[in-house]
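**Student:** Here is how the chains run, residue by residue.
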Amino acid sequence: MSGDILRGVPPHAGSTAYINARIIDPTADSEYTGAILISDGKIADFGPNLFASGAPYGIQSVDCRGLYLAPGIVDTRVHTGEPGEEHKETLDSAGVAAAVGGITSLVLLPDTEPPFDDASLIEFVARRARQIKLANMYAYGALTVGLEGKELAEIGLLAEAGAVGFTDADHAVGNAQVMRRALYYAKAFDALIVHLPQEPTLSSGHMSSGLMATRLGLSGNPPLAEVMMVERDIRLAEMTGGRLHLTKISTAESVKVIAAAKARGLKITCDTAAPYFALNDLAVGDYRTFGKLVPPLRGEADREAIVEGLKSGVIDAIVSDHRPQDQDSKRVPFAQAEPGGIGLETLLPVSLELTHNGHLTLPQLFQRLSSAPARLFNLPGGKLAKGAPADLVIFDSSLAWKIDRTDLWSKTKNSPFDERPVQGKVMATIVGGRTIYRDDRFVPAVAA
Amino acid sequence: MTNKRAGVPRLPHLLGIEGLSPETISGLLDLSESYIDQNRSVDKRRDLLTGRTVINLFFENSTRTRTSFEVAAKRLGADVINMDVATSSVRKGETLLDTAMTLNAMRPDAIVVRHAESGAVNLLSQKVNCTVINAGDGQHEHPTQALLDALTIRRRRGSLQGLEVAICGDIMHSRVARSNIHLLQIMGARVRVVGPPTLMPTDIDKMGVEVHYNMKNGLKDVDIVMMLRLQTERMQGMFVPSISEYFRFFGLDSEKLKVAKPDALIMHPGPMNRGVEIDSEVADDLDRSVIHEQVEMGVAVRMACLEALIGGRRNSVGAAA
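For the protein sequence lines, the chains are A and B, in the order given.
First residue of the first sequence: 25, per the numbering used here; consecutive thereafter.
First residue of the second sequence: 926, per the numbering used here; consecutive thereafter.
The shape of chain A in the complex, shown without the other chains:
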């Protein structure tokens, strides 16, 4: 299982055609065999009939041999350790993992040390991304100073510096007055507020409450800690008219409440992370700290409801919620372990289970992974359109392999999906027309 990270390779000077590909167009909700033409890092043309009789001379053409080609994944929830905890993950190592995972744009969470509550840090991320030359990297601004949930951060200045959304990462804003003002104030900048709905006073436990927690003797967080915050936030969004996006929805009740709010016409959106539709609380059995996440993994009925929410479209997007933790943070008793799991490289294969199991079509899956998150965060990628950046992923949807954490490129190896058999593998990742990752098995026939 290996491939190459290609950094700083300039795109072909002229145009490149990717032919004979199964093209997934999430915006058009369609899938067909066809070709795509890239010029100057942008999509110049695409369609089922393009180059049906072969690419013209003077264009480099790449035969995809029937592999899938889709807009690259836009992952809006990525923790790294830069700055502050570079021993866990740097922007560089996260960029490599993203490239291997078919992720062409990532939005970095602000819970670094120091946190992104100052405009200079948003500029720092942009500068580092230019140096790293892999995926597009964007940053959230902190919603409150120091992510403490007390005073509003400089939302306007952060937005001006390039922050694409505002959040306190895995900290919930418990104070309703602060949240109300944040939603009001952010309207002046049309800024998106992303909130992890967890009532803090009910969320001090270490896993989801229930029989499993009782048996293991671990204190639990009740699933209702999520839905009561969802309900509060919906009321505040309705009152203020602010743009609210709820993140990492993990319970059946939350899906129900959000569906009802959307039915009422409220412009509320939400996402879930791969673990919440792929795992349940059995994954923390025998005190497996890799399964300790925020919010905690729930019971099977909640997991099924998340799958249903993705099917019905109540849940708009899927994120990796990549959160690296080193051994010192995980190889300790469960209650003392830091929460979080890595997910950049496993996001696509784990999400493909939704299509293998017949819950979503491939265009629907890429709506959740690429086009919806790009639209919500106003990012240029995530779609097939003439003039859009050529951010693409080429993958084999049926290749079977087993996730082995020691083979992952991330700096830390805390994958909750370790040893999971999956189907589907990224063969190449293209950002702005440049191939940044290519699997060894994908050796395209290049004809000039």
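The set of hints was computed from the structure by calculation and includes no laboratory data.
Quick caveat, the model's predicted, so the values are computed rather than measured.
Treat the hints loosely; a few may be bogus.
[Said to hold, decoys possible] To give a feel for the contact side, a few chain B residues facing chain A, derived at Cβ under 10 Å:
| # | residue |
| --- | --- |
| 1 | Leu936 |
| 2 | Pro937 |
| 3 | Ile1129 |
| 4 | Lys1131 |
[Said to hold, decoys possible] In silico contact screen, one side only, chain B against chain A (beta carbon under 7 Å); selected entries:
| # | residue |
| --- | --- |
| 5 | Ala1045 |
| 6 | Gln1064 |
| 7 | Met1125 |
| 8 | Pro1126 |
| 9 | Thr1127 |
The C-beta atom is built at its ideal place from N, Cα and C for all residues, glycine as well.
Since the structure of chain A is provided, determine the placement of chain B on it from the hints.
**Tutor:** Frame of chain A; chain B shown alone:
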């Protein structure tokens, strides 16, 4: 004696009661029984574990459990080292595995571990290649306590099968309650848990127990009353309003005990908070309270566990190296 041991399958560790078979539990109790007379005689020592090293590694303060393990190991001829990490300045958790690896390198035959966090003993057992005995981990399990409770009951009642047992008090934070629920159910007893709703863990009923919030209902016609220690630091209005209110509604006194069977036994894992969860009158009732007998059985049970786990074994760990 050796034929009794034959009934106990070799276990690598004793981390909890959950998952043990009724045969294993009976075998351990039979083996424990054989040590009671020895412990009551003048010459208490046998040489079954001569040359074996047992380390008591306690990350949490404990007097009676640690002493009980120490006495048990010494009466079988083992060398015992006590490490009270709780009193030293090392920070919890951070050094758990380092400590385990260091001790493991000294080639002990068994490490007896107590730790304040659930699952810490399981974690440690994955990193050492000697036998690990759980002497209490967080709110998870305390298997030797459940075994000594079972031995005490069995000697008084002949069998656990069909008995009605009420476990009363702070179920939520109690590893003793969890180990006893497992053991009593495995051995065919019926278990009720009694206490204020705030001290009941979520979905405890799904463990097959009957839940009561009222002592008189919960104690009705029971054969055994097991009281649990209430951690007074949990009494700051977070779980129950006050000690006096707790004692009034959930403390065991002769009045509440009237609804139990006339010969119902009173048990407590110790140390007792008199006037909090138990009235002195019933705690000291010689006809019904078996609290001191539990302590005595504790030594016999721990001798049996040590023998079953590390007795009669060739030094396979050393030989493999």
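**Student:** Look at each hint and say if it fits the structure.
**Tutor:** Hints versus structure:
1. Leu936: Because about 16 Å separates B:Leu936 from the closest Cβ in chain A, which is outside the 10 Å limit, the hint is violated.
2. Pro937: For B:Pro937, the interface hint is violated, since the closest Cβ of chain A sits about 15 Å away, which is over 10 Å.
3. Ile1129: OK, holds: B:Ile1129 within 10 Å of chain A, min 6 Å.
4. Lys1131: At about 4 Å, which falls below the 10 Å cut-off, the nearest Cβ of chain A leaves the hint on B:Lys1131 intact, so it holds.
5. Ala1045: Where the cut-off is 7 Å and the nearest Cβ of chain A is about 4 Å from B:Ala1045, the hint holds.
6. Gln1064: holds (3 Å)
7. Met1125: With a minimum Cβ separation of about 9 Å from chain A (threshold 7 Å), the hint on B:Met1125 is violated.
8. Pro1126: With a minimum Cβ separation of about 4 Å from chain A (threshold 7 Å), the hint on B:Pro1126 holds.
9. Thr1127: holds (4 Å)
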